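Protein chains: 2
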Amino acid sequence: MDLTALAQSAKKSAIRLAAVNTEHKNSALKAVAQALRNNVVEIVRANEQDIEKAKDEKIPLALLKRLKFDESKINDVCDGIEDLIKLDDPVGKTLYAMQMDKGLEVYKVSCPIGVIGVVFESRPDALVQISMLCLKSGNACLLKGGIEAANTNNILAEIIHDSSIKAGLPENWIQLLQTRADVQAMLSLDKFIDLLIPRGSNQFVRFIMDNTNIPVLGHADGICHVYVDNQADIDMAVKITVDSKTQYVAVCNAAETLLVHKDIAEKFLPVIKTTLHAKGIELRGCEKTRKIIDIKPADEIDWRTEYLAEILSIRTVDSLDEAIDHINTYGSHHTDTIVTQSRTAAAEFLQLVDSANVLLNASTRFSDGYRYGLGAEVGISTSKIHARGPVGLEGLVIYKWKLIGSGQIVADYCGPDAKQFTHKKLKKEFRL
Amino acid sequence: MDLTALAQSAKKSAIRLAAVNTEHKNSALKAVAQALRNNVVEIVRANEQDIEKAKDEKIPLALLKRLKFDESKINDVCDGIEDLIKLDDPVGKTLYAMQMDKGLEVYKVSCPIGVIGVVFESRPDALVQISMLCLKSGNACLLKGGIEAANTNNILAEIIHDSSIKAGLPENWIQLLQTRADVQAMLSLDKFIDLLIPRGSNQFVRFIMDNTNIPVLGHADGICHVYVDNQADIDMAVKITVDSKTQYVAVCNAAETLLVHKDIAEKFLPVIKTTLHAKGIELRGCEKTRKIIDIKPADEIDWRTEYLAEILSIRTVDSLDEAIDHINTYGSHHTDTIVTQSRTAAAEFLQLVDSANVLLNASTRFSDGYRYGLGAEVGISTSKIHARGPVGLEGLVIYKWKLIGSGQIVADYCGPDAKQFTHKKLKKEFRL
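Residue numbers (this note's numbering), protein chains in the order written: chain F, 1 to 432; chain V, 1 to 432.
For reference, chain F alone in the conformation it holds in the complex (with noise of 0.2 Å):
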């Protein structure tokens, strides 16, 4: 099959999938799991051949890192999955419901999506844990992995697909693409594919935001402030910032630039500077900062810079405005945190400050879908639209408008004799 009739195939097979009971796809999940453990040996030795082949073309060590998928690896997906079967099921909840007139009713009740198109660099993990969370949510998915996890992905994608049938799930709701067409091919595939879900680095996801029109959920680059305000718990912002920065280093929801009020700069760059010293961190200073403690310069580059790593960039700031322009400006509207003991302050900040997570008197670090409770992550999104910020499983599901009539038409309600509606809110949940 080539590209389109796969895509084709996968838009058919989402419109069986969205009818499928909850039970019916947790028993479905519960399959995939156990075909999983079952299948550990085959798995572990694709994965090796693909390791092998990445070895002997010198593929950077960080990557064959992620490549690599073995026996706890394939456990830790299985756990996962088995998580998900304890969720609520986000489809066919009646979100609205409305008498327009006797024997007239419109529901609006939640649905799936139909196609993700997953795109993920080489973690092999992406794949199981998304396509499991679109099966839970009723989606079909296109997988697209890099070829450096070819063979992982091939065994992974058939043991997914041959066990979920086998439970029952409607014949090619899951696909990985085989073909040699370059991601750009899926990206034109938006007749077909509702939604992108990019899995990989920054410029990764960058790639994928800037050439498709399919809308993508997801974010590229995570640069979080935290900001100490004149009225802050010294300690406090001490304790923050540390963990903000260097609590792990590598995510997105890390600390990059520090913000701080010019009249408390004086008696807390000192502490920081000696506190993230101590912790191997790098500080590049502005102007005013640099006057107080003796580090590098920063510069417009290092405003806009995620690091990704043990360095971090500080500007002291004249008023809670100017840091919340900066940020607004400078950020990429992920999460940011304030550190004040003042009220006034702290609500202009979560007012002003246009992220998907705004914080008061916490780490960055935070802002994630399970500490938030939400259960599963399907990721963290900096969309305006949609979904924002960690985002669970109702980021897979959209509604459907279902209208119950008994014969009426547009007609009798409208001219000199026009029949009223009633639009009488009703409670109760859709059912034929």
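Among the clues, some could well be false.
[To be verified] No farther apart than 30 Å at their CA atoms in a straight line, the calculated lysine-lysine pairs in the BS3-like style are these: (1) V:Lys93 with V:Lys73; (2) V:Lys424 with F:Lys30; (3) F:Lys384 with V:Lys425; (4) F:Lys239 with V:Lys425; (5) F:Lys239 with V:Lys108; (6) V:Lys427 with V:Lys86; (7) V:Lys267 with V:Lys291; (8) F:Lys102 with V:Lys86; (9) F:Lys102 with V:Lys239; (10) F:Lys296 with F:Lys93; (11) F:Lys108 with V:Lys424; (12) F:Lys239 with V:Lys419; (13) F:Lys273 with F:Lys296; (14) F:Lys419 with V:Lys425.
Keep in mind the hints are simulated off the structure, nothing from the lab.
Remember, predicted model here, so these are calculated numbers, not experimental data.
The hints should help you fit chain V onto chain F, whose structure is shown.
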């Protein structure tokens, strides 16, 4: 100001507008309605200049009609604004509240999207309607109208801007693009525009959708279907078909194709032919249909055509499945109705037809925001994410995650002595 500078200033203004409270927004709406009513003479004069010019340039009559903006139309849009004031503010609603731990709470709170790009053809009422929906929902807007309505659009944008600023809204929240740059330039402003709403012909909307990375709220075609099941009540099927096709032929939710189950075709087709011919509707049928009634032939192109005219294509199908398949293949995922007395057939149709609006025993013409009781309609969307079908004010908002901590850091929730998240759902509104 050049286009980018304009867009940038709208973005800045959007941040401030998002913080304006309901009362304040409502008084701005009131001020705009009053100012429009006070300036009827000037608006009509500007509009007459556009009309004169359009006549000189021999612009088609239909376009001229849409261009006209007289006292009665001005009164209509002002009545619309006054209705809008009465509606609930979609901003500031708490959609999720979770205790992560003691003194660590996260809230999902609705907020404006940001900057809405509005691109419209001739109709000046679209400028007023959409900008007022933006105001009510706290969104800034960048307007791009057709050159043929330049005088009318200028005076309208000026009145709206000045009266709302006087009522205390942030400057530049509404801006009319005055540059000679074509629509294309606006479509590339994805750094500043968060959502596009196009208003105009199918071709116009399709062009916008195909030429931008910015999400688009709208629909190009409305290829809607009536399916008459073998278990339909024939009188009801006739009534619904007639209303769906003829009640208003030029709108997106009018029916373009009639699908008839073969087992009812011999009874139903002759009746519907007589009835629709009497109403001046041209019929085009598939081979099977033409064996029963003598009408013009229909081909593949007919199934894919939105006539918006007194034409209906008819196809006789062997089964409910074939009908569903036809709709999912040729339709535009807008509005489709089934006429049947069978609950099973109805349930299958409503489940498997992949359209924004799926109806049972009712005219396709019902799919409309006002009729559904939404109060105001931003548009009808055939997108699969964010908003689908008739979109009310809630389509112009998204949400922000607001986290209130008291000094917590993630490091304390990791490792051997990790604190545990409580993850207790809260039943309260966000408040700081």
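* Taking the numbered hints from earlier one at a time, note which ones the structure violates and give those numbers from smallest to largest. => 1, 10, 14
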